[in-house]
Structures are given as C-alpha cells and as structure tokens.
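Residue numbers (full-length UniProt numbering), protein chains in the order written: chain A, 1 to 336; chain B, 1 to 290; chain C, 1 to 272.
In case anyone wonders, no lab produced these hints; they're calculated from the structure. Be careful, since some hints might not be right.
[Said to hold, decoys possible] Below, a list of computed lysine-lysine pairs in the DSS-like style, where the Cα atoms sit at most 27 angstroms apart:
{"hint": "1", "chain 1": "A", "residue 1": "Lys60", "chain 2": "B", "residue 2": "Lys71"}
{"hint": "2", "chain 1": "A", "residue 1": "Lys141", "chain 2": "C", "residue 2": "Lys224"}
{"hint": "3", "chain 1": "A", "residue 1": "Lys51", "chain 2": "A", "residue 2": "Lys265"}
{"hint": "4", "chain 1": "A", "residue 1": "Lys23", "chain 2": "A", "residue 2": "Lys258"}
{"hint": "5", "chain 1": "A", "residue 1": "Lys232", "chain 2": "C", "residue 2": "Lys134"}
{"hint": "6", "chain 1": "A", "residue 1": "Lys316", "chain 2": "A", "residue 2": "Lys97"}
{"hint": "7", "chain 1": "A", "residue 1": "Lys70", "chain 2": "B", "residue 2": "Lys71"}
{"hint": "8", "chain 1": "B", "residue 1": "Lys51", "chain 2": "A", "residue 2": "Lys127"}
{"hint": "9", "chain 1": "A", "residue 1": "Lys302", "chain 2": "A", "residue 2": "Lys282"}
{"hint": "10", "chain 1": "B", "residue 1": "Lys204", "chain 2": "C", "residue 2": "Lys93"}
{"hint": "11", "chain 1": "A", "residue 1": "Lys321", "chain 2": "C", "residue 2": "Lys224"}
{"hint": "12", "chain 1": "A", "residue 1": "Lys188", "chain 2": "C", "residue 2": "Lys224"}
{"hint": "13", "chain 1": "A", "residue 1": "Lys134", "chain 2": "A", "residue 2": "Lys178"}
{"hint": "14", "chain 1": "C", "residue 1": "Lys134", "chain 2": "A", "residue 2": "Lys127"}
{"hint": "15", "chain 1": "A", "residue 1": "Lys23", "chain 2": "A", "residue 2": "Lys257"}
{"hint": "16", "chain 1": "C", "residue 1": "Lys224", "chain 2": "A", "residue 2": "Lys70"}
{"hint": "17", "chain 1": "B", "residue 1": "Lys51", "chain 2": "A", "residue 2": "Lys225"}
{"hint": "18", "chain 1": "B", "residue 1": "Lys273", "chain 2": "C", "residue 2": "Lys93"}
{"hint": "19", "chain 1": "A", "residue 1": "Lys188", "chain 2": "C", "residue 2": "Lys134"}
{"hint": "20", "chain 1": "C", "residue 1": "Lys224", "chain 2": "A", "residue 2": "Lys184"}
{"hint": "21", "chain 1": "A", "residue 1": "Lys232", "chain 2": "B", "residue 2": "Lys51"}
{"hint": "22", "chain 1": "A", "residue 1": "Lys131", "chain 2": "C", "residue 2": "Lys134"}
{"hint": "23", "chain 1": "A", "residue 1": "Lys282", "chain 2": "A", "residue 2": "Lys51"}
{"hint": "24", "chain 1": "A", "residue 1": "Lys253", "chain 2": "A", "residue 2": "Lys60"}
{"hint": "25", "chain 1": "A", "residue 1": "Lys180", "chain 2": "C", "residue 2": "Lys224"}
{"hint": "26", "chain 1": "A", "residue 1": "Lys184", "chain 2": "C", "residue 2": "Lys134"}
{"hint": "27", "chain 1": "A", "residue 1": "Lys97", "chain 2": "A", "residue 2": "Lys70"}
[Claimed, not checked] Partial pick of chain B residues on the chain A-facing surface, computed with a CB cut under 7 angstroms:
{"hint": "28", "residue": "Val126"}
{"hint": "29", "residue": "Gly230"}
{"hint": "30", "residue": "Asn248"}
All residues carry an ideal CB built from backbone N, CA and C; glycine is no exception.
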Amino acid sequence: MSLRRYALAALASAIFAGSAVAKDYELLNVSYDPTRELYQDYNTEFTHFWKASHPGDNVKIQQSHGGSGKQARGVIDGLRADVVTLALAGDIDEVAKLGKTLPENWQTRLPDASTPYTSTIVFLVRKGNPKGIKDWGDLTKDGVSVITPNPKTSGGARWNFLAAYAYGLKANGGNEEKAKEYVKELFKHVPVLDTGARGSTITFVNNGQGDVLLAWENEAFLALKEDGGNDKFDIVVPSLSILAEPPVAVVDKNAEKKGNSEIAKAYLEHLYSPAGQEIAAKNFYRPRDAAVAAKYAQQFPKLELVTIDKDFGGWKTAQPKFFNDGGVFDQIYQAQ
Amino acid sequence: MSSSTQSASSVANAARRGSPTSRRLLIGFGWLFFTLFLLLPLLIVVSQGLKMGVGTFVDAIIEPDALSALKLTIIAVVISVPLNVVFGVSAAWCVSKYSFRGKSILVTLIDLPFSVSPVIAGLVYVLMFGAQGFLGPWLQEHDIQIVFALPGIVLATIFVTVPFVARELIPLMQEQGTQEEEAARLLGANGWQMFWHVTVPNIKWGLIYGVVLCTARAMGEFGAVSVVSGHIRGVTNTLPLHVEILYNEYNHVAAFAVATLLLIMALFILLLKQWSESRINRLRASAAEE
Amino acid sequence: MSRRISPVIPGFGLTLGYTLVYLSLIVLIPLAAMFVHAAQLTWDQFWAIVTAPRVLAALQLSFGTAFVAAIINGIIGTVLAWVLVRYTFPGRKVIDAMIDLPFALPTAVAGIALTALYAPNGWIGQFATDLGFKIAYTPMGITLALTFVTLPFVVRTVQPVLADIPREIEEAAACLGAKPLQVFRYILVPALLPAWLTGFALAFARGVGEYGSVIFIAGNMPFKTEILPLLIMVKLDQYDYTGATAIGVMMLVVSFILLLIINLIQRRIEKP
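The following block holds chain A by itself, in its conformation from the complex (with noise of 0.2 angstroms):
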C-alpha cells in the first residue's frame, strides 16, 4: 500500500517535473547547398548535446538548402529561420540590413568573426594532371580551359574570384589594374558560366568540359567522393588561396516568436565545441580549434591564405567593388 502511494507520488513528482522542465522545440536551421551532410551529422550530435542536460526536450530540427543568396532572400521576404548558416557573410550582412531580424554587429556575438569552420579555393584536375597545373598563373596558359560558376549568381564563384584576383595582386607587386588585366585573361579561359556550384562540377565532371575545376575545397573533397573511386580526378593545391569563411548566426526576431533564443544560440554556440568541430573536420571544413586541425592537419594542406577582411576590406567594401552591377566582373565582361 505504502509502496503504491510512493510509486504514485514518484509519477506524479516526474510528470510535474517534466511538465515544468520539458519542452518542444522546432528548429529551422537556413543553410547553403554542400553543408547537408555537414549538418546531418551535426544536427545528430546537437540533438544527443541538448538532451544530456534538458532530459525532457523534445527537439526537432528542419533544414533548409539553396543557394545562399536565394536563401538569404527567403529569410529577408519572410522564410522564419532560426539560425541561418549561408555561404558568406555579405548573405547575412543583407538579412541584417533588409529584413531587419537580426543586429548588423551579428558577426561580432560568436567567436572568429562568426565562423566555426573554414575552407578555400583549389583545383580539381583530370587525373594525372596532363595540363600539369600547379599555380594560378597556369590557368592563363594556351589551351588551357577552366570552369567555374558565375560569382553573379553563386557564392562560392565569389571566393572563387577573389583568390584569383589576390594571385593576380601578388604576382604583380600590388598592382590593381594588372590584377584586373589577369582576372580578365583568367575568364577568357572560362567556356562555361554555369549558375551554380554544383552546376559547374556537373560540367566539368559528367559532361567532361575544361581541364581544371575551381572548387571550394570540401566541395573538391564531395566530388572525388561521389566518384566513387574511379579515380578520375585529382586535387591540386596553389601556392595562394583564399580563406572563405561561411558565417553563422541566430536571427533573433524569428527566433524570439517561435520561444527558440536560448536553444537557438546554444545550436550555433556547439559548433565551436570539439566534438562540433570533429563532425565540420570529417565533412572536409577546416576547422578553428586547434587541437581538431592537429588531428586532421594531414587532410588539410597548408598554403598561404588572404582573407576577405584584412586584404578585401570585407563583403561590404568587396561586394559593390567587384560583383554589383558595372564592378570588376562587369567590366571583364563589358571590355570584349
């Protein structure tokens, strides 16, 4: 008898408990195409993280994937993202600016300018490199075709573009006009614009045009993967790249409505975590925590890297300069 009251009293104290503590969360996670199985993976990770200490919770996360200027203009018309994690920050910087859903010092609240993880520009050559490829300045080579997607339409085609151009301003002492006139030469070797990255890939892989690949460097990574080990491809390292940084951020006002503040901040807050950064490191992002790169340094060639804030002045110097309307790309184009 006395046994069946506490037995009661225990359920009852659980479910009260429970009832006070636990709660169900949905979060909507608006992120850029090659990051799916990154945050497939990560998502698993958060969900077991979250739990350890909220035993109650029940959560949910939703993805969402596009292009990371699509996306970002699906946030700013309405998308109710909690955490948006897109290809660069000037994607953000828009939301911030446009929507009005989140502070425009948003990349100054996380650690290392908002980004957990990192990655660069390298070439994906046709196996045994018969161009024999090594650096940039290869590219502007006779016969040599490259491919890489529009920067008007792709995110990654921006990163792409400006770790040329550094080449072209380091080759030439600083040089900004003979920095155009390599960029210029550069996209004479281009026969293909194609809207995307995954574009781009599909025209250099299945359809076998151009000898080199312009890819981000976990994209290169995917492609020799999903070849299946054909063998078909090699990576080639140059001597400079670019540090491309995909940023990450909560937007507060959606967040605030849907009752997702703290977890959603927790969400982002947990990829700096060692274990986040393993999961980042195993789907080919450079990862900043010191330790993890050590453990992964083997897979992850070390080349000199610019940066878009200290050489480019960032997105919102970048952006208008070189990818608006009438900017450098513009001109490469306008001047044939």
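Chain A is fixed; fit chains B and C onto it per the hints.
Then chains B and C, alone, in the frame of chain A:
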C-alpha cells in the same frame, strides 16, 4: 454496287491516308523526331535513376522526405487543377460563344502566365505576401503565412497552369461554332441542360487534354514554386524541388530516381486518359449498334 | 457594350465575370505588384536598365531562340499531330502517351539530361563534334532545350481540332477532284490555323521565360548565351528587386504585345 461509288470511296480513302510513300515518310519522320528529342532525354533520366539498381531506386522513393514531397505535390495538384478547369471552361465559353470588345486582350491576358518567366511568377507572390511585401506586415501581425508555406506553393502552381484548359478549349469551341447549342435552346433546353448534354460531350477531348497537360505541368513545375517554397526539408519541398536538392547534394542517382517517379506518375495519368478514350469509344460504338 | 453572336446562348455575364475575377486574383493583381515595385524607378532609370547592352543582347537571344524553337515545334508538332490523328501504326499509342512528358519533368532535370546528351562528349554531341560544331553551350543548345520543354503545345492544340474535322469534307473535296495539296490549302489550313497559332504563341511565350532547363545547357556567357531570366536572377542575387522587376516588366510588355498581335491575327482568320 456500282463501280463509280467504289472508285469514289477509294479516292476518298487515298485522300484520307495520303499516298503510301508520304504516309510512311511522315510516320518515319514522327518516329525519328520523337526518338531524338523526346525518348533519348527521358531514357537518360530513367537510366541514371536505375544506375545503382532497383533497390537504390526504391530506397530513394520511399525515403520520408521524398514521400512528404510526393504528398505535397499531390495536394498542390489536387487543389490547383480543378480550380483551373472551372476557370478554363468559363473563359473558353465567354471567349468562343460571344463576340465583344476587348476579346483579343482578354485572350492575351489568359495566355500571359505562360510568357511570365517562372522566376517572376514566384517573385510576384513574394512581392505581395512576403515579409517586405505589400501585405507582409498585415499578414505577420495576424500570423498568417502564405509564401514559404502551402498556400504560396498552391498559388504559384495555379499561376503557371492557369491557361492550359482555356487554351485547349478555345480553338476547339471556335471550330465547333454555336449551332448545336442554339438548336438545343430552340428545342427548349435550359442553360445547364444545354451545357451538360450538348457542350460537354462536344468538348470532352479538348477538356481531357487540357486536364492532362495542366496536371503534368502542375506536377513538374519547378521555377515558380522554388521561389516561394523556402525548401524546408520534409515540409515545403515538392517533388521537383526534392530532385533539385538531392542533385545539389551530389546525390545524383536519388535525384534521377525521384525524377523518374514524376515521369511514371505523368505516364500513369496519360494512360488513364487513353483508357477512358478507348472505353468511351467502345461505349459509343455499342450504342450505335443498338 | 457587348455584341453577342447568338442571343439564345446564356451565361455571358456569369462566365465573363468569373473569368475576370479569377484572372485578376491569380494573375493580374500579383503582376500589378511587380509594376508597382518597378515604378519606384524613374523613367530614365528604368530605360537605362532595360537598354543596357547586356540586357539587349539577352533580349535578342531569348526572343530569337524562343521564336526558332516555336517554329520548329510548329512544323514538327503539326506533323506529329497529323500522324497521331490520321494514321494507325505500331507505337502510335506510345508516342501519343509520351508527348506530354516534358511538362511533367522538372525543367532542371530536362536541362541536365539534354546537356548530358548534347555536350561535346555526349551520345549525340560527339557526332556534332566530329562534324566540327558544338550544340551544348551555344544558342543552338538553348533552342534545343526550348524545343523540348515546349513540345506538347502545338501537338496538343492542333490534335483535338484535327480529330474534330469531319473527314467527309476532305473526302468530298477529293471526290470533286481536288489534289492533296489543294485539300491541305483550302480545307485543312483554314481549319487548323487558329489552333496552330495558339500552339505557336504558347510555345513561344513559354520559351521566352524558361529558366530551369536552359541554364544547364546555355553556357551563360555574357553577350553570347546569357538569357533574360538569368539576368533577372543576377539582379535578385544582388538584392536589386527593383532592377529585377524592371526587366520582368519589360519582358512582360514585349510578350504581351507579341501575343496580342498573334491573337488579333487569329481573330481575323476566325471571321473572314
């Protein structure tokens, strides 16, 4: 049986079929074009979908995200097609049975959605209902979501398929004229009786073609829906969007498997059309015999 | 205000009213939103956007390739409709059933499949390479993609009308001594022309705006193979909504005028 009627009927037959050479030529040409332009691209899709075997193919289709995309696509089709059928019949009726000022403009407006780029078709709804749009603030206040949710997807689907039924019926009803309806009226039928017993049987095939086209297009629409969808996995992805997502995730085989599923669904609807066609013909033939 | 052909047929007010209301809600008001958005620009700004050299090159390309594709479909589609309606032959039902499939296939998939076929190393593309020309990544590739996605239009508008023409008329004409060409010219052409024009206009209009299937095969090189809808996307990706709507408005106006001309021609044929 006189020889003159016989020769007349053989001339008539020749006129109907054309000479054997031209007939063979045309059929051959039809086949060639069909194979080169239609069959080969479709074969590529199916062969890519089945590249890793039937097991992988089935896995790609019964995966929960694919199933929820399938469900969403069916919902969008089931809402948009009937609405466009009612609109199509009504529009074809007033355009083909009457003559009025501004008719050419009306017909052109009906065609307009075809000439609107899918990108723009989606964008206009975002401009109307998006957070920065004309009705955005009001909708947000009342917590109503149109774009990036089902209503937006349905609206975009309706938009791109508006003209199909009307455009299929207008030339047919113009070609048929109004005599039969007038006769029915003079014989005392009321408006609805005339419509159901005279007009509908006459336009049946055009109507069915229109519905089939409308359905096929509603299932396959990509551009406009992509703008208003938000691409939330398992929630606002239609089948064509799911294909794109899989493709962008380097999941080539699954993408083509899901595309093949769309083709199979369309083929099923087309076979349904042919089956009903032959059934109706048979019914008609047996009625004629009696 | 309205002049009816036949005073005994009811339903004019009802059908016209419903048509207008539905069209307004679904199509006209949303499109008006685009015009309002574009109206934030001054006329000079608008004009500068739509007459930029790159936009004009794209305009020419989009309308040119869509026109050629519509012509190809106009010819081949009529032949296909004819073959399907008038002849019985092995495989007729298969072809008939599959004509509509381009509509059901997501346009992006169509683009990827066509590029795989016609790229320089594709099944068909390699023959073109041997002959010394390229199909994919040229305006020819764009035309090809547009021909594919708009194929059902002409076939499916001509088909029911053709099936509806009583064969007795042709037979009677033949009995009276008309040659096949005369039958074609005096009986079939007048009966089919309105439907044919409809199919042609729809294929053309659809081709101008097509995006998904074209971007994979086009190559997207500025001034050479860059289509108008891509320029709209480019503007959107710069968050330049007004610029995008300006090009959208321009496309819409040009398409509207072209469609209107075709519909006016059609009306003249309709009442000789």
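Taking the hints in turn, this is what the structure says about them:
This hinted pair checks out: A:Lys60 and B:Lys71 have alpha carbons roughly 20 angstroms apart, not beyond 27 angstroms. With a C-alpha separation of about 23 angstroms, the suggested pairing of A:Lys141 with C:Lys224 holds against the 27 angstroms cut-off. Distance hint between A:Lys51 and A:Lys265 is fulfilled; the C-alpha atoms sit about 15 angstroms from each other, no more than 27 angstroms. Restraint check: the Cα-Cα separation between A:Lys23 and A:Lys258 comes to about 12 angstroms, which is no more than 27 angstroms; the hinted pair holds.
Restraint check for A:Lys232 and C:Lys134: the C-alpha separation of about 24 angstroms stays at or below 27 angstroms, so the hint holds. Taken as a hint, the A:Lys316 and A:Lys97 pair is honoured in the structure, with Cα atoms around 11 angstroms apart against an allowance of 27 angstroms. Restraint check for A:Lys70 and B:Lys71: the C-alpha separation of about 25 angstroms stays at or below 27 angstroms, so the hint holds. Pair hint B:Lys51 plus A:Lys127 holds up; C-alpha atoms about 24 angstroms apart against a cutoff of 27 angstroms.
Note on A:Lys302 and A:Lys282: the hinted pairing holds, with a Cα-Cα distance of about 17 angstroms set against a maximum of 27 angstroms. A hinted pair counts as satisfied when its Cα atoms are at most 27 angstroms apart, and B:Lys204 with C:Lys93 qualifies at roughly 19 angstroms. The hinted pair formed by A:Lys321 and C:Lys224 meets the criterion: a straight-line CA distance of about 24 angstroms does not exceed 27 angstroms. A C-alpha spacing of about 13 angstroms is found between A:Lys188 and C:Lys224, which places the hinted pair at or below 27 angstroms, so the restraint holds.
Distance check on the hinted pair: A:Lys134 and A:Lys178 sit about 21 angstroms apart at the alpha-carbon level, within 27 angstroms; holds. The straight-line distance between the Cα atoms of C:Lys134 and A:Lys127 is roughly 25 angstroms, inside the 27 angstroms bound, and the hint therefore holds. Pair hint A:Lys23 plus A:Lys257 holds up; C-alpha atoms about 15 angstroms apart against a cutoff of 27 angstroms. Taking the CA atoms of C:Lys224 and A:Lys70, the gap is about 25 angstroms. The hint holds against a cut of 27 angstroms.
Using a Cα cut-off of 27 angstroms, the hinted pair B:Lys51 and A:Lys225 holds, with the two alpha carbons roughly 17 angstroms apart. A C-alpha spacing of about 11 angstroms is found between B:Lys273 and C:Lys93, which places the hinted pair at or below 27 angstroms, so the restraint holds. Restraint check: the Cα-Cα separation between A:Lys188 and C:Lys134 comes to about 18 angstroms, which is no more than 27 angstroms; the hinted pair holds. Of the pairs offered as hints, the one joining C:Lys224 and A:Lys184 holds, with about 17 angstroms between alpha carbons and a cut-off of 27 angstroms not exceeded.
Straight-line distance between C-alpha atoms of A:Lys232 and B:Lys51 comes to about 19 angstroms, which keeps the hinted pair within the 27 angstroms bound. With a C-alpha separation of about 23 angstroms, the suggested pair A:Lys131 and C:Lys134 falls inside the 27 angstroms cut-off, and the hint holds. In summary, the hint linking A:Lys282 to A:Lys51 is supported, as the alpha carbons are separated by about 23 angstroms, within the 27 angstroms threshold. With a C-alpha separation of about 19 angstroms, the suggested pairing of A:Lys253 with A:Lys60 holds against the 27 angstroms cut-off.
Annotation: proposed proximity of A:Lys180 to C:Lys224 holds, straight-line Cα distance about 22 angstroms (limit 27 angstroms). Taken as a hint, the A:Lys184 and C:Lys134 pair is honoured in the structure, with Cα atoms around 24 angstroms apart against an allowance of 27 angstroms. Taken as a hint, the A:Lys97 and A:Lys70 pair is honoured in the structure, with Cα atoms around 16 angstroms apart against an allowance of 27 angstroms. Of the supplied interface hints, the one on B:Val126 holds, with its beta-carbon coming within about 5 angstroms of a beta-carbon of chain A, less than 7 angstroms.
Annotation: B:Gly230 was flagged as interfacial toward chain A, and the flag holds, the nearest CB pair being 4 angstroms apart, inside 7 angstroms. Proximity of B:Asn248 to chain A holds as hinted, the smallest CB-CB distance being about 4 angstroms (cut-off 7 angstroms).
Violated hints are absent here; each numbered hint is respected by the structure.
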